[in-house]
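Trainee: Residues per chain, in single letters:
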Amino acid sequence: MEMRTLHVKINGRDYQVPDGSTILEAASAYANIEIPTLCYLEGISEEGACGVCVVDVKGTRNLPRACLTKVSEGMEIWTNTARVREARKINVELLLANHPTDCFTCERTENCDLRDLASELGVREVEFPRTRTEWLPIDNTSLSLVRDPNKCILCRRCVNVCAKVQSVYAIDIAGRGSNSTVSTFLNEGLGNVECVNCGQCLLVCPTGALTERSEIPDVWKVLGDPDKIVVVETAPAVRVAIGEEFGMPDGTQATGKMAAALRSLGFNKVFDTDFSADLTIMEEGFELIGRIKNGGTLPLITSCSPGWIKFAETFFPGVLDYVSSCKSPQQMFGTVTKTYWAEKMGFDPRKIVVVSVMPCTAKKFEKERPEMKTAFHYWQEKMSLKDEEAFNDVDFVLTTREAARMIREAGIDFANLPDEDFDKPLGESSGAGVIFGATGGVMEAALRTAYEVLTRKSLPRLDFEDVRGLEGMKSATIDIDGTPLRVAIANGLGNARILIEEVQKGESPYQFIEIMTCPGGCLGGGGQPLSNNPDIKKRRAEAIYREDAGKPIRKSHENPEIQEIYKDFLGEPNSEKAHHLLHTTYHDRSGE
Amino acid sequence: MQINLEERLKENPVLRKQFDELDAYIDEKAGQQGSLINVMHRAQEIFGYLPDEVLAYVSTRLQVPRSTVYGVVTFYHFFSRTPKGRHTISVCLGTACYVRGSNSVYDKVTKSLGIKAGETSPDGRYTLDLVRCVGACGLAPVVVIDKDTYGRMTPDKVVTLLNKYV
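Heads up: the sequence lines are chains X and G, in that order. 12 is the number that the working numbering gives to position 12 of the first sequence; each next residue is one higher, with no gaps. 24 is the number that the working numbering gives to position 24 of the second sequence; each next residue is one higher, with no gaps.
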């Protein structure tokens, strides 16, 4: 359909812009003018809450908000008049009047949108007095996220992302007027409600109101303890994003530098979650094969994304039987390190500390789930351990941002480090393990293995292009040597909800479904570097698939270290021992 | 929470009756968009205020996220999340009442009842509210008790008045 175009003037120049554009969109797309805003997120948060994007329009008395006002025929827009500059400045000053002034020690000191804007607009003093006399309490209830309402400017981006992208609705604006806050139900705190810990709210927060619960001090402490054997594992999506924190181009594959930097921080072993991603594929792939062959519950739904797991437990307890019983790669890694590797090396499992670097905030919650103490139970009888001595399979989780912060703190010149390799054996991985970091990756990795196991034939072509790409929902029919396998993929929980409602009604046409909590999969996770590049997920995805293509081994079942762990320790995939160590259970949380 | 409520309903016929009444109203409104505020109004009439379990219950019944229910309830002054006393005393501090000395009336009420605006006396007799204009400026200063309006109030007169409401 032909789009009607309108003639408008922006700052004296003539432009033809599509009917229906807002002033903000038209100015950006046609006049190369970025009108500042603190609250706008295209398609997600269009509230006009911050009042920073005001512009002058000839013939109107007030200054309309560019984000909400549509262009009209003959409209004459001025984005940079004295009135506009003054109004924007006043609106920012009003936001600053009650804002804490601890910028030196704020986590967002280097990338705060509010601070940047105040600087860009030349705000040098705040004319308005503080009206808030008491600080509001900080919400520390979540294992993943910390919310400081004092730094909140009520832009509503977090509320809208939680509702519209994730369909979780954990937060909303409560109260009115100057007493408004972003709050959970009954102000119980993020840790006590349906929040799934995904951290998408944090990624869009323009200030330091939302941060991860930092575990940096704990990790420094164990790194300085000579009695501990501290090992680190890194998730697939971290290596293609961490370079951004050090000024490297978007989409840089920084795997070798990351391994070198972590070794320099003092980790005794630098291992890789990609290894346990391969292990996950073996377990989940064989679970799929088993369910297909034995007429088990289908579709099988993936279980690597802890935000999705809590979402299912909270909103769809009826589908938990469909969800794979496999632990996530992070948790499999912790268990294997403290059982298989400890045994192989003759280490006391109590001395091993597992730190994982994740693109994810929900992983901080996942590692604290009470059932994630499998290694302790494995050793309890053998070593006659008391219940009080229980330890987690994974001790600490750092986000990509936290790992970068530690590397900076140690003064390591990341971008110029020579590349190093991961340590063996838990650092060996296939390309299938790498693509876990992108939406569709777990599906593709599982298909590479399932195809060859089911058909006993070698795959003619490894790349399943149909399941790649950043669209929120994808489906495909894969030909397994004459047998069609119908698969679907969703990223972002709002999309997941649609697929899962079908499953709940018993109307799902699929045999295998991959769900990732975050838009784009792990590469868009809530623990990733904050970025202003609208194409950032694409760049990171490209890097992930380049990493896969460059791997000598690209199928999980061909990883020699995986073959060895089954031969020496686990037996067969889905063996009793594998089930005991690598699988888990879920709980109905709908009444919480 | 919901399981807990089921058990309490079994033990408490009064509560059961209140929830049945709420249920009937929700059934009447079922399927109507934007019925949340109406339902909350009715719930407050039935329970006298909006207990947390009622918020959770309405959220489930109307399939409205509970964070939204909480947001709406905390936005409107009319909704109360604490039990109301048998009598609600509203002292007007609007402009007309204020210039005619309603703040001294308000002070007297807080002293004699020992509660501030928004609070309920420990014996459950009174709830004190502040209002900004009730549209009876000609009678300023004004005090409203339950549904009755009293004009030309003074600190002395208000004490006598309160004693009439037991």
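Keep in mind the hints are simulated off the structure, nothing from the lab. Note that the Cβ used here is the ideal one computed from N, Cα and C, for glycine as well. One or more of the hints may lead you astray.
As the list claims (entries may be wrong) - To give an idea of the chain G side of the interface with chain X (calculated C-beta under 10 angstroms), a few residues:
#, residue
1, V64
2, R66
3, F75
Trainee: Does each hint fit the structure? Answer for all of them.
Mentor: Right, here's what the structure says about each hint:
no.	hint	in the structure
1	V64	holds, 9 angstroms
2	R66	holds, 4 angstroms
3	F75	holds, 5 angstroms
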